[in-house]
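Here the protein sequences come in this chain order: A and B. Going by this note's numbering, 58 is the number at position 58 of the first sequence; the sequence numbering is gapless. Going by this note's numbering, 2 is the number at position 2 of the second sequence; the sequence numbering is gapless.
Simulated from the structure, these hints should not be mistaken for laboratory data. Just so we're clear, the structure is a prediction, and the values are computed from it rather than from any experiment. The C-beta atom is built at its ideal place from N, Cα and C for all residues, glycine as well. You may find that some hints are simply not true.
What the hints assert, rightly or not - Examples of chain B residues toward chain A, derived with CB under 7 Å: (1) A28; (2) D29; (3) K33; (4) G35; (5) S53; (6) K98; (7) A111; (8) R161.
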Amino acid sequence: MSEIDAARPISIGIQWVESTSGHNPAIDGYDGSYSSPTIDIQDPIFGHSIQDFNSFPGSYNGGATWTDSFLTK
Amino acid sequence: MDSRPGVPKIDFSKVILNPPHSVYDLRADEIAKGGGLETAHLTAQRYLIKGPSGYIAAAEVQLDNTGAATLLANINFGPFVGPSGQALDDLAALDIVKQGSYEARMLRFSAIQVLAIWLKSDGAGADIIYPLSPAPAFLQAGKTYSVGDFLNQIRPYAQKRAAPKERISFP
């Protein structure tokens, strides 16, 4: 959250379920004011989404696992 | 929602929530080893949201293993929103579709970046696959495919993306 608050998006690596295919969207926002927090995702394939955080990335476009996080400057 | 950067301003008094369509996901392992659309996983219900100037978002409600809705997982504003709404409108105008009976589904294969409308025939007609724009080079958006032709096109790419059956271990 401190990275997002400082306007530094987080690039993340995810791997789609039952494949070797990786993917790198970025998180550039969040909202914790709901009972279930959300994150803002910028995705080079799927575009911008507001995504439920607690179920991410299992509920993201068919399901994936979160493999890496890359901080930006 | 209108105060979030990148989210279009939405006048909720003027939006239409279209009836949902089911989302089916394909997985590289299953297609790579010869599976067809019977391997597609029902994962969500997707609602297209239409404003005065066109389709503006798609809301995806996650389903559990029994098919029951569990949560609003995702609201998407990306490049497939408009084409998917337009595709449903275009397909509904085709003679073959008007003469038959179909369930409109979303078919998604994230590992190879494919989204398509899957018209599942309720009767004697054959299913129709209609890839959405932006489509990868091996598929043509806006063209109707038979299930067999569609699978022939995607299988080589699924095989490249399939997880290895065995992992090599080193001593």
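Hint validity - G35(B) Cβ closer than 7 Å to any chain A Cβ:
violated, 11 Å
Measuring from the C-beta of R161(B) to each C-beta in chain A, is the shortest one below 7 Å?
With a minimum Cβ separation of about 4 Å from chain A (threshold 7 Å), the hint on R161(B) holds.
Regarding the hint that A111(B) lies at the interface with chain A, is the smallest CB-CB distance below 7 Å?
Since chain A brings a Cβ to about 4 Å from A111(B), closer than 7 Å, the hint holds.
Let's test the interface hint: is any C-beta of chain A closer than 7 Å to that of A28(B)?
holds, 4 Å
Under 7 Å, Cβ to Cβ, is where S53(B) needs to be relative to chain A, so tell me if that hint holds or is violated.
violated, 17 Å
Hint K33(B) vs chain A: min CB-CB distance below 7 Å?
Hint on K33(B): violated, closest Cβ of chain A at ~11 Å, above 7 Å.
Was the hint right that K98(B) lines chain A, CB cutoff 7 Å?
Hint violated; K98(B) Cβ to chain A Cβ min 31 Å, cut 7 Å.
Does the CB of D29(B) sit less than 7 Å away from some CB of chain A?
Status holds, d = 4 Å.
Of the numbered hints listed earlier, those contradicted by the structure are 3, 4, 5, 6.
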